[in-house]
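Enquirer: Sequences listed follow chains A and B, in order. For the first sequence, this note's numbering begins at 1 and goes up steadily by one. For the second sequence, this note's numbering begins at 1 and goes up steadily by one.
For the record, the hints were derived by calculation from the structure and aren't laboratory data. In this text, all values refer to a predicted model and were calculated from it rather than measured experimentally. Heads up, some of the hints might be wrong.
One copy or two, it doesn't matter: identical chains are merged, so the pair holds either way.
[Claimed, not checked] Using 16 Å as the maximum straight-line C-alpha spacing, the simulated EDC-like pairs for lysine to aspartate or glutamate come out as follows: (1) Lys163 to Glu75; (2) Lys277 to Glu518; (3) Lys83 to Asp427; (4) Lys370 to Glu46; (5) Lys5 to Asp242; (6) Lys103 to Glu518; (7) Lys158 to Asp396; (8) Lys469 to Asp138.
2 protein chains.
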Amino acid sequence: MASVKSEIRSGAYYDSAVLMQLQRGLLGLPGVLDSGAVMGTPANLELLEQSGLLTNEARQAGANDLLIVVKAESESAAGGALKQVDTLLAKRRSVVSEEFLPKSLETAAQQLPDAGWVLVSVPGRHAAGVARDALNLDLHVFLYSNNVSLEEEIELKKMAQAKGLLVMGPDCGTAIINGVGLGFANRVRRGPIGVVGASGTGTQAVTARIHELGSGISHAIGTGGRDLKSEVGAITAHQALDVLARDSRTQVIVLVSKPPAASVATKLLAAAEACGKPVVVDFIGYPPPARKLGNLYFAATLSGAAEVAVRVMNETAAAELLRPVAGYLRGLFSGGTLAYEAMLGLQAMLSPLYSNSPITNNQQLSDPLKSVANTIVDLGDEVFMVGRLHPMIDNDLRLRRLRQEAADPDVGLILMDVVLGEGAHPDPASELAPAIAEAKGARPLEVVAMVIGTDSDPQNLESQVERLKQAGAVVFRTATEAIDYVARRMSTRPARDGPPVALDAFNRPVAAINVGLESFYASLIGQGAQAVQVDWRPPAGGNEKLAAILARMKKKQ
Amino acid sequence: MASVKSEIRSGAYYDSAVLMQLQRGLLGLPGVLDSGAVMGTPANLELLEQSGLLTNEARQAGANDLLIVVKAESESAAGGALKQVDTLLAKRRSVVSEEFLPKSLETAAQQLPDAGWVLVSVPGRHAAGVARDALNLDLHVFLYSNNVSLEEEIELKKMAQAKGLLVMGPDCGTAIINGVGLGFANRVRRGPIGVVGASGTGTQAVTARIHELGSGISHAIGTGGRDLKSEVGAITAHQALDVLARDSRTQVIVLVSKPPAASVATKLLAAAEACGKPVVVDFIGYPPPARKLGNLYFAATLSGAAEVAVRVMNETAAAELLRPVAGYLRGLFSGGTLAYEAMLGLQAMLSPLYSNSPITNNQQLSDPLKSVANTIVDLGDEVFMVGRLHPMIDNDLRLRRLRQEAADPDVGLILMDVVLGEGAHPDPASELAPAIAEAKGARPLEVVAMVIGTDSDPQNLESQVERLKQAGAVVFRTATEAIDYVARRMSTRPARDGPPVALDAFNRPVAAINVGLESFYASLIGQGAQAVQVDWRPPAGGNEKLAAILARMKKKQ
Chain A
1 MASVKSEIRS GAYYDSAVLM QLQRGLLGLP GVLDSGAVMG TPANLELLEQ
51 SGLLTNEARQ AGANDLLIVV KAESESAAGG ALKQVDTLLA KRRSVVSEEF
101 LPKSLETAAQ QLPDAGWVLV SVPGRHAAGV ARDALNLDLH VFLYSNNVSL
151 EEEIELKKMA QAKGLLVMGP DCGTAIINGV GLGFANRVRR GPIGVVGASG
201 TGTQAVTARI HELGSGISHA IGTGGRDLKS EVGAITAHQA LDVLARDSRT
251 QVIVLVSKPP AASVATKLLA AAEACGKPVV VDFIGYPPPA RKLGNLYFAA
301 TLSGAAEVAV RVMNETAAAE LLRPVAGYLR GLFSGGTLAY EAMLGLQAML
351 SPLYSNSPIT NNQQLSDPLK SVANTIVDLG DEVFMVGRLH PMIDNDLRLR
401 RLRQEAADPD VGLILMDVVL GEGAHPDPAS ELAPAIAEAK GARPLEVVAM
451 VIGTDSDPQN LESQVERLKQ AGAVVFRTAT EAIDYVARRM STRPARDGPP
501 VALDAFNRPV AAINVGLESF YASLIGQGAQ AVQVDWRPPA GGNEKLAAIL
551 ARMKKKQ
Chain B
1 MASVKSEIRS GAYYDSAVLM QLQRGLLGLP GVLDSGAVMG TPANLELLEQ
51 SGLLTNEARQ AGANDLLIVV KAESESAAGG ALKQVDTLLA KRRSVVSEEF
101 LPKSLETAAQ QLPDAGWVLV SVPGRHAAGV ARDALNLDLH VFLYSNNVSL
151 EEEIELKKMA QAKGLLVMGP DCGTAIINGV GLGFANRVRR GPIGVVGASG
201 TGTQAVTARI HELGSGISHA IGTGGRDLKS EVGAITAHQA LDVLARDSRT
251 QVIVLVSKPP AASVATKLLA AAEACGKPVV VDFIGYPPPA RKLGNLYFAA
301 TLSGAAEVAV RVMNETAAAE LLRPVAGYLR GLFSGGTLAY EAMLGLQAML
351 SPLYSNSPIT NNQQLSDPLK SVANTIVDLG DEVFMVGRLH PMIDNDLRLR
401 RLRQEAADPD VGLILMDVVL GEGAHPDPAS ELAPAIAEAK GARPLEVVAM
451 VIGTDSDPQN LESQVERLKQ AGAVVFRTAT EAIDYVARRM STRPARDGPP
501 VALDAFNRPV AAINVGLESF YASLIGQGAQ AVQVDWRPPA GGNEKLAAIL
551 ARMKKKQ
């Protein structure tokens, strides 16, 4: 009859690698069927229960307790195994002899004065402190640790930004700096493509695919998965984009992230647009505003992003820079879907953006008759259509709204569709062109029109386009082209926050200090980088009260 | 001093074209500065107010009242203009002599026995009744009218479906049947591309662009903008897809719509996948699951959809059909972004789909330790990571979960990632392959693995792939390929609801009955189609109470 026995060690600190080795060591003992060596979090208790490893005693363990469980063929075998725990812990294999390891980051930095990077993979509750120490030593931080709070992330990133340093992370799995992988990284060719990755395996998938396609990576800079949340404001992504824009070896940039908040996307895409290099954007799961907007290419998948990046290497870099429009956009549409496609394309570059046909709830225009900030109105919406002909037949509603928008001094650009064909107004330009000319005559105002039609349509496509142009409108034949143009006219290039990150650390051979997982140290050495492992222990031996007192004393110094 | 005068005509019925002509007639009278002739809806009252046309009297008008307003140079000029209203209404120009027009749909159908189509553009509250009459005459309906309730739409579409008829609409702007445009339609070349459009101007933009690219349209079938809502269940879109799949002149199909509900998308995409022709999908603003899944191509914009359709004309039609898997999908990921990309790709084909890293709120897995239906788990999530090594280093968590999922008899396919490179487990296949072989040995179960790595990685990519294959896994080198394969294995082809729509009406020259906007009649005749205009009046002269009594009497017949 199998027996399960457990032991709780309160407040003891062991790193995850040690726990894995302990669990495997127990499993190798005679009569042992299964084992567990985990911190007593609710998730871990449930996992033990699923494996039939949860004892009544073990249920009492807290999140800071080490819980050791053994399932064995007999009670004596289980008890015997538990007695081996200390022996197994003492056997802990280490890749580096602990005697010679520096005990602090400061000492490590003295040992390796060329160090530019600190890898932090200690447990989450200690990670921010180590990262802060690294920033105080003017070192970039690769913060692998997870379970770091959002508040700590923001504090660390603002501190780094003010010093021209990078905090990659928390929960940053992957970076490749000057040919050396930090954390998890595939071995890839050096090459002209730079990556900014808010996603670790995303960066791995993109860089591995770029390698496979025969190209290579200049640098891949991780940001951590929360960097593009509105609270953090993509601090690291902006810095990383700026680094790659200035780095002469980087010719194309790939930006990989989960979909960001609208306001974050606007600013980041504006910065990407202004960087002067082709930028392939894969906001995974974000509806792409277009295949291409100016120098921005939107990919749908990770391998797709890699393929586009390799393809555009040889294309002309940036699209022609356009003079930005001062003032708001107002879109006056007769076609609901054209309005919707314009929303979709422009929401990436314009924030806030409102509509009576919104894509997200926060874009809802409260009164369809009154535009606010940047607004796109579908004038064919049901609310306008009671006893009234569709605006594709009767221009009255649109002409009135055009005058209303033109009279608003905050408006800089009016976008409209002109849909030709059977059933539509026989000559829309005869009414729209004079109204456009009048609006443009009164004050500086840009009018952009997308004319949807064919050379067989009854309205004479060519003459419609010609008369709209003569009235001063900028005319395009597809929604895509019109939206591309408007996006580029409406975007405002953000100023850089904080000093630039010096390129020096990216061009020198990598030298790094590792605090945490020894396998990362081994990997650095294996790649030919210089590295020092810190023999890190939690402050006050894991005693949190004492640690808090020590931290306060340190601050007062 | 300008004077504004108004007049209310309660419960009077005039069609929108008549009101536009009246408004323009008033504007042409001496001394008149501006005018309005609208139904007294709140939106229309506000529009009048914005134009300085709202009198105190006019504020009293209700939504069913005709409101006539004149702004003139003097009170006498305003008064004089209002006196001309009846004369102007009598002058109403008609393209057809009213004396010879049939007064009912039945009579019209007798006059034009070849008629296959009825165009309905009467005011919304009367439109469902006319459409119902058309279906009772076994005629397809093009329902241009808006302000038709969702309940009426569902009732009409179910009625049509049972009879093998189409209801295109309500609020359907555009269709092209056998070369003839119904409603708003560009004049385009005949050709091999068929369109299913839940969007009027979307269909126009796509068909116009296809024409411009030198190709052409077989049929463009409208569905109305609400057809893909979950309440309607894409009844018309399914019928239209089925028609185009069977139509020998259609070689490629384009499907244009705003993003549908998940359950609707699943069924519609499964039908599209099963149709045996390339289908270009533009769910405008929906994150594309991939560029290509089987025979489905996902476009990001309207003009993009047209370009893809023209391009794939010459590609091999459908991808190889795969035997569907019986049972649920379980995805066990070490990479969060790979899990997310799998969610993104599979949510189009699999519903419901759950995850601890969901894209939409309704995909949230309540307990990350317990899979439900189709589930994709990110095992690198913070909740699992307290005191535990990442699953890219330590396989223990995944091996336990793999056994758990394999033991669930409802599971048919297990998908996993294997991420190689620096920092990762030195030989993941040594642990994963035996577990896969064991799971597959116990019962029929498919295991699919995406191996992310390069030929330079320390794990030996080739050997990892080989050992996973030997264990019975289907192995791909990119997420995109793995997701494409799983999507095609997991999709279930829906059975057709109701009888097929007969192709006859699509192959004959178009003959149609028009009820409503005379300009649509004129357009049909202009395109060489046979057409009859019905001299439609609202039942009981617009008296709604009387109309309700008449309707009840009619039902009892």
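Enquirer: Next, verify each hint and record whether it holds.
Expert: Do the hints match the structure? See the list:
1. When the C-alpha separation of Lys163 and Glu75 is checked against a cutoff of 16 Å, the pair qualifies neither within a copy, at 59 Å, nor between copies, at 74 Å.
2. Neither within a single protomer nor between protomers do Lys277 and Glu518 lie at most 16 Å apart by alpha-carbon distance, with minima of 38 Å and 55 Å respectively.
3. Within a single copy, Lys83 and Asp427 get their C-alpha atoms no closer than 93 Å, and across copies no closer than 31 Å, so neither meets the 16 Å cut-off.
4. For a Cα distance limit of 16 Å, the shortest separation of Lys370 from Glu46 across copies, 10 Å, qualifies, whereas the shortest one inside one copy, 55 Å, does not.
5. Proximity of Lys5 to Asp242 under the C-alpha cut-off of 16 Å is found in neither arrangement, the shortest distances being 56 Å within a copy and 63 Å between copies.
6. When the C-alpha separation of Lys103 and Glu518 is checked against a cutoff of 16 Å, the pair qualifies only within one copy, where the shortest distance is 14 Å, while the shortest distance between copies is 88 Å.
7. When the C-alpha separation of Lys158 and Asp396 is checked against a cutoff of 16 Å, the pair qualifies neither within a copy, at 53 Å, nor between copies, at 38 Å.
8. Taking identical chains as interchangeable, the C-alpha atoms of Lys469 and Asp138 are never at most 16 Å apart, the minima being 57 Å within one chain and 48 Å between chains.
Consistency with the previously given hints fails for numbers 1, 2, 3, 5, 7, 8, ordered from lowest to highest.
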